[in-house]
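Undergrad: So the chains spell out like this:
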Amino acid sequence: MSMIEIEGLNVWFGHGHDRVDAVRGASFSVARGESFGLVGESGSGKSTILRAITGLAPDWSGRVTIDGQALSGGKRDRAFFRKVQMVFQDPYASLHPRHSVDQVLSETLHLHGIPDIDARVRRLLDDVGLGGRFRFRYPHQLSGGQRQRVAIARALAGEPEILLLDEPTSALDVSVQAEILNLLTDLRAEHGLTYLMVSHDLPVIGHMCDRLAVMKNGEIVEVMDVDALRAMRAEHEYTRDLLSASVAPGAHPV
Amino acid sequence: MSLLDVENLWVKFPTRQGVVEAVRGISFSLGRERLGIVGESGSGKSMTGRAILRLIRPPGIVEADQIALEGQNLLDLTEKDMRAVRGERISMVMQDPKFSLNPVMRVGDQIMEAYLLHNKVGKVEARKRSLEMLQAVSIRDPERVMRAYPHEMSGGMGQRIMIAMMLIPNPQILIADEPTSALDVSVQRQVLNIMDDLVKQRGMGLIFISHDLNLVSEFCDRVLIMYAGRIVEVCDADKLHQATHPYTRGLLNSLPRLDQPRAKLEVLSRDPTWSEAPSVGGRA
Chain F
2 MSMIEIEGLN VWFGHGHDRV DAVRGASFSV ARGESFGLVG ESGSGKSTIL
52 RAITGLAPDW SGRVTIDGQA LSGGKRDRAF FRKVQMVFQD PYASLHPRHS
102 VDQVLSETLH LHGIPDIDAR VRRLLDDVGL GGRFRFRYPH QLSGGQRQRV
152 AIARALAGEP EILLLDEPTS ALDVSVQAEI LNLLTDLRAE HGLTYLMVSH
202 DLPVIGHMCD RLAVMKNGEI VEVMDVDALR AMRAEHEYTR DLLSASVAPG
252 AHPV
Chain A
43 MSLLDVENLW VKFPTRQGVV EAVRGISFSL GRERLGIVGE SGSGKSMTGR
93 AILRLIRPPG IVEADQIALE GQNLLDLTEK DMRAVRGERI SMVMQDPKFS
143 LNPVMRVGDQ IMEAYLLHNK VGKVEARKRS LEMLQAVSIR DPERVMRAYP
193 HEMSGGMGQR IMIAMMLIPN PQILIADEPT SALDVSVQRQ VLNIMDDLVK
243 QRGMGLIFIS HDLNLVSEFC DRVLIMYAGR IVEVCDADKL HQATHPYTRG
293 LLNSLPRLDQ PRAKLEVLSR DPTWSEAPSV GGRA
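Residue numbers (my numbering), protein chains in the order written: chain F, 2 to 255; chain A, 43 to 326.
By construction, these hints were calculated from the structure, which means they are not laboratory data.
C-beta: ideal position from N, C-alpha, C; glycine also.
Keep in mind that the hints are not guaranteed to be accurate.
Each pair of labels, with its calculated beta carbon distance range [what the hints assert, rightly or not]:
#	chain 1	residue 1	chain 2	residue 2	range
1	F	141	A	320	18 to 26 Å
2	A	103	F	236	55 to 63 Å
3	A	295	F	104	33 to 41 Å
4	F	211	A	311	38 to 46 Å
Hey, can you work out the whole structure from these sequences and the hints?
TA: Now the structure itself:
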C-alpha cells in the first residue's frame with residue numbers, strides 16, 4: 002500500500018482577484034520505503050505540495066492520504082506529526098537563534114510525549130553524526146552543515162515514518178552537501194523511512210530518489226523513474242530542457 | 043600586458059580570538075579573459091574580489107605588494123580617486139539582487155544614476171542608454187522595467203538589471219561574485235550567456251567567483267582553486283576535470299552525477315598540509 006497518495010491536489014493562495022493557483026491537479030503516490038523527488042524551477046509549486054501536506058498551506062482541495070488516513074483542511078493532529086516530519090531548506094532560518102541544540106531537541110521530544118529525554122537527545126545527536134560535544138551549543142556556533150544535521154535530528158525526534166525534505170542541501174557547499182546526502186541515505190536504510198524530496202538540482206534527485214515528478218507552473222508534467230532520467234529518456238519537452246541545462250558538456254570524465 | 047596584476051594579497055580581520063586571515067598571500071593576473079575562482083564558503087574567494095575594489099572596511103586589513111590596474115597600484119589611490127575606479131574601470135555584480143538593489147528607488151532611476159555618475163550627460167541621454175542596456179541584457183519590456191520597483195522583478199530579472207547597471211559605465215574589468223547561485227538552472231544559462239556575450243563584445247576581463255565547479259569549467263578560460271585563503275591549484279578551465287590536487291579532486295567527486303550512479307557520495311577528507319602549503323602563483 003502506498004504511504005503517500007495524492008490525487009487531484011489543488012493549492013491556492015489569496016481570494017477573489019488575488020487568487021494564485023500554486024498547484025493544479027497534482028497526482029502521484031509514494032510507496033512505503035520509497036524515495037520520491039519533486040523537481041522544477043522556483044515558483045513551480047513543488048514546495049507548496051509539501052506545505053499542503055503538513056498543513057502550512059490551508060487552502061487546498063483534492064485528496065491527500067497518508068498511510069491510509071485521509072487529511073482535511075489545515076489542522077493536523079499529534080499523531081500526524083509523529084508520522085510525518087519536514088526538514089526545511091535554510092538551516093540558518095529554521096533553528097531558533099536563542100535555543101541551544103539541547104533545548105531544540107528536548108522541547109521536540111517533550112511535545113511528542115517521549116520519555117527519557119536525556120538519553121534520547123544523546124542518541125539523536127549520535128544518529129546524525131554530531132556527538133555529545135555539540136549538545137549545548139547555539140546555532141551561531143555551528144556551521145551550515147552542522148545546523149542542517151540538527152534540523153534533521155529534530156525531524157527524527159518523534160521517530161517519523163515519512164520525511165518531507167524541502168531542498169535540504171541547496172544552502173550548503175558541495176562537499177557538505179555530499180555529507181548530508183550520505184547521512185540521509187544511511188538514515189533511510191536504518192529507519193526504513195519514506196522520503197518526499199523537493200529540489201531544483203536534478204543530479205541530487207537522481208542520486209537520492211527512485212522516482213520523480215517534474216513540475217512546471219503548478220502542474221506535474223511528467224512522472225518518471227530514475228533509470229529513465231539517467232538514460233535521458235524524457236517524454237516531455239520541458240524535462241528535456243531541464244536535463245540539458247543540468248548536464249554540463251564539460252562534466253564528462255576522461 | 044595584463045589588465046590586473048595582484049601580488050601577495052592578504053586580507054585579515056582582527057577579532058578578540060586573534061587575527062583571522064581570510065586571504066593569505068595570493069598572486070594572480072588577469073588579462074582579457076574569463077578567470078574563475080572556486081572554493082568552498084570561507085575559502086576567501088569573495089574577499090579577494092572585494093579586496094581588489096578596496097571594499098573591505100576597517101577593522102579589516104588589506105595588504106598586498108601591489109594590486110595593479112594597468113600598471114597603476116590601486117592601494118596608492120586616495121578614496122576619492124578610488125571612487126572613480128569603481129564602476130568606471132572595475133565593477134562588481136553581487137550574489138543576490140534582492141539585497142543589492144535599492145528597494146525604494148525605481149529600477150530606471152538606479153540604472154540612470156550609475157550612468158550619470160560617470161558621464162557628463164543629460165537625463166534624456168542617460169535614459170536612452172539605460173533602455174539600450176536593458177535591451178542588451180534581454181529584458182523584453184524595458185520601458186515597463188524602468189518604471190518598476192525591484193520587488194516587482196523576479197530573481198532572474200533582478201540579476202539582469204544588476205548586470206545592466208554594472209556594465210553601463212563600460213568597465214574594463216567585471217567581478218561577478220556568485221552572480222547566478224540565487225537563480226534557477228534555466229535562468230542561470232540565460233544570464234551567463236548574456237554576460238559571456240558582453241564580455242566578448244567589449245573585450246573585458248572577467249573574474250567569475252563561484253562554488254559551482256561544473257559551471258566554472260564550462261564558462262571560464264582559466265580557474266584558480268582556493269582553499270583556506272590560498273590558491274592550491276591553477277588550471278585551464280576545460281582541463282578542470284583532470285585536476286590533480288586532492289582538494290579539487292575531492293570537490294569534483296563529491297558531486298552527484300546523473301551518468302554515474304553511486305550508492306554513497308565521496309566525502310572530502312581534509313588534509314591539514316593543504317592549508318600550510320604555499321600558494322600557487324596564478325599568473326598566466
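Undergrad: Compare the structure with each hint and give your call.
TA: Now the hints, each set against the structure:
| no. | hint | verdict |
| --- | --- | --- |
| 1 | F:141 x A:320: 18 to 26 Å | 33 Å, violated |
| 2 | A:103 x F:236: 55 to 63 Å | 58 Å, holds |
| 3 | A:295 x F:104: 33 to 41 Å | 37 Å, holds |
| 4 | F:211 x A:311: 38 to 46 Å | 29 Å, violated |
In this structure, the earlier hints numbered 1, 4 are contradicted, and the remaining ones agree with it.
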